[in-house]
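Chemist: One letter stands for each residue in the lines below.
2 protein chains.
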Amino acid sequence: MPADTSQNGSKSRTSLTYASAGVDINEKDSFTESLESTMRKTFGPRVIANPGGFAGLFRLDYKKGLFSRNYKDPVLVACCDGVGTKVKLAADMGVFNTVGIDLVAMNVNDLIVQGAEPLIFLDYIAVPTVDKKMLAAIVEGVAEGCKQSGCALLGGETANMPDVYRPGDFDLAGFCVGVVELKRAINPTRVQPGDVVLGLASSGIHSNGYSLVRKVVEHTGLDLGKVYEDALPRAEQQSGRTAKKSKKKNGANGGAKTLGQVLLTPTRIYAGNIVKLQRNYRVKNVISGMAHITGSGLADNLVRSIPKNCDAVIDRATWPVPPVFTFLQKHGNISDEEMKRVFNLGIGYCVIVRKAFAESIKEQLEKLGESVFVIGEVVKGKGLVRER
Amino acid sequence: MPADTSQNGSKSRTSLTYASAGVDINEKDSFTESLESTMRKTFGPRVIANPGGFAGLFRLDYKKGLFSRNYKDPVLVACCDGVGTKVKLAADMGVFNTVGIDLVAMNVNDLIVQGAEPLIFLDYIAVPTVDKKMLAAIVEGVAEGCKQSGCALLGGETANMPDVYRPGDFDLAGFCVGVVELKRAINPTRVQPGDVVLGLASSGIHSNGYSLVRKVVEHTGLDLGKVYEDALPRAEQQSGRTAKKSKKKNGANGGAKTLGQVLLTPTRIYAGNIVKLQRNYRVKNVISGMAHITGSGLADNLVRSIPKNCDAVIDRATWPVPPVFTFLQKHGNISDEEMKRVFNLGIGYCVIVRKAFAESIKEQLEKLGESVFVIGEVVKGKGLVRER
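Sequence order for the protein chains is R and F.
Take any residue in the first sequence, count from 1 to its spot, add 28: that is its number in the numbering used here.
Take any residue in the second sequence, count from 1 to its spot, add 28: that is its number in the numbering used here.
Since the hints were derived computationally from the structure, they do not count as laboratory data.
For every residue, glycine included, the Cβ atom is placed at its ideal position computed from N, Cα and C.
A couple of the hints might just be wrong.
Said to hold, decoys possible - Covered by chain R, per the in silico footprint, the following chain F stretches (three or more residues, Cβ under 8 Å):
{"id": "1", "stretch": "113–124"}
{"id": "2", "stretch": "243–249"}
{"id": "3", "stretch": "315–324"}
{"id": "4", "stretch": "389–400"}
To be verified - With a cut-off of at most 25 Å between alpha-carbon atoms, the simulated PhoX-like pairs for lysine-lysine come out as follows:
{"id": "5", "chain 1": "R", "residue 1": "LYS383", "chain 2": "R", "residue 2": "LYS408"}
{"id": "6", "chain 1": "F", "residue 1": "LYS92", "chain 2": "R", "residue 2": "LYS211"}
{"id": "7", "chain 1": "R", "residue 1": "LYS100", "chain 2": "F", "residue 2": "LYS368"}
Start from the sequences, fold in the hints, and give me the full structure.
Modeler: So this is what it looks like as structure tokens:
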């Protein structure tokens, strides 16, 4: 490189630097190092230490005997997802330690639909400027999600992108890899008439529909910092006088959640329990299909797991719609059809099982901590999801 | 769900929909389907068809005999990266079919540093609204990058995020998974004094430093649509009169690249050639280290591949700095130190090899189409990269 280039033709005498363009390399490097201890907390023995490496290393068959007993024909399963504009709600509230859990949830819940066990997670975080505290909180959430779902946070990228993201804004993307034994890989052809559809309760809105959620909040002047009794989960609602009294305290209601907190509730991670459940049925073909209920709602996700010669018939009276959905519908004057197309309305994950095992599987999942409803059945049909 | 909820307490009588909040589910679904044929072009026999699935399936040991001959202790390798604010330049120019190549390049070039062979790629595209033409162009670029690097585009996510992204803006993240044999996994402890550092030419700025690039362009009033003779690659520069004449044509210079086109040149993908090279040295320990030169420049990336008891001594006179860097330095009045810290300055990838094999490896890489320079050597030291 020429040592001191002439300035002919240049309209600038100011010396430009990367920092003046909004990117401070030193700042970013020191942050990246500080994340390593958070990531290490998610490492099992299958992760190969590779400090300063360009990529993460993971040993699938760390214990050869164990691995080859479980996997004769291992198939890698991979998926990618973000959390949509839930990041915008998190940014508005200045709460950054839960969207990482959402990010892992959106990915591992997709992965387990194929019968897979999650192994590896990586995250992409894009920000306008490096705010260490915010980034550390996000990555802590990601690591927490990884611990909950039993996968290693093997790597990630923090992209410093002034101009693309406005101050306070950010985006998240996640990527998950797992493994499934070929003949146990779930596919729609297994589902047959007579099977029962079990619905696992969601923890709230999860990570879809937030552009509409935020539109309702803005349009109707709802206050994210206020406690709305009728938006709280039923178990947290109080009766009569106490409720009115606590509303006045505006968020300091003996721990009652503000609307913002209710809306920011992390997406439930089903991975741990579904993987445990499947371990009980290594030989028997008992679980015939699964579905993660995300954007487009119950019907449009469940239909992906139904073969062309069957219908799933769902009875929406079999589970309670959490109050937060009714609250948003009322305030946004949203039609029933739109609600069903956008939100999970209380069911976050479906497991389709052989009828003879339905009760036992429901009990096992409940023992593991899930709330489970028998929401429908599979009949002969045309590959549709219908309502009873 | 209540059929017709009362509007008590609601300030809105307008019925809100997801589409009115900027998200059209139907639009997105039809687009997703149209992408499948683009993705299928990258599929090899190891990809298991899974239409409508929640995750992609990939069979690592599709040919058991071949796989077990090459891999006794297979290790999964995974990484994640974006293309930084090069997306902003692409958006400004309205050219969307090359940033996907950049995205794959940034990931696979990281992955091969560990000695790995890329297998699976997934992309995350975030946009304010679904613009099918733009999204199709992006995914075509991603698929092209996957073909160049021999990996399958197994899945991806298109996130529709009004409010986070301004009209015209977008972001990209990519994830790559590969496999390496445990004892062939490259790590810094292999490098030893006497080794030679080979530098592989970059195709231009690649995908780092674009916040500074764009700052220079804006600050000095450079015109992205104009041909600047001194920004063109040397092979494309014309001499004397012809050059002056063609400048006047302002972009119609018999195909001469505009500044915008020079800046948008896709990142070179080294994966194919590096994987081929490594196949020639399955037994011999000839390649001792590698480095992908990204953000922070040559020294700060090469140092990650140097053990604590060695230094790499680089002679910057051994390769030509491409004109685009000198052009930007001149116009932005950027210091030499800053240029070295931000840009690759002509070397996009390093291969550290045993001295006895350096000439042969250089020739092999050149036959495969790389421009290769002997840029330095490894000596006893303290884990630093120094200049001669």
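Chemist: Now tell me, hint by hint, if it's right for this structure.
Modeler: Here is what the structure says about each hint:
1. 113–124: holds (count 3)
2. 243–249: holds (count 5)
3. 315–324: Check passed, 4 qualifying residues.
4. 389–400: violated (count 0)
5. R:LYS383 - R:LYS408: holds (15 Å)
6. F:LYS92 - R:LYS211: holds (16 Å)
7. R:LYS100 - F:LYS368: With a Cα-Cα distance of about 50 Å, the restraint between LYS100 of chain R and LYS368 of chain F is violated, given a limit of 25 Å.
When held up to the earlier numbered hints, the structure conflicts with 4, 7 and fits the remainder.
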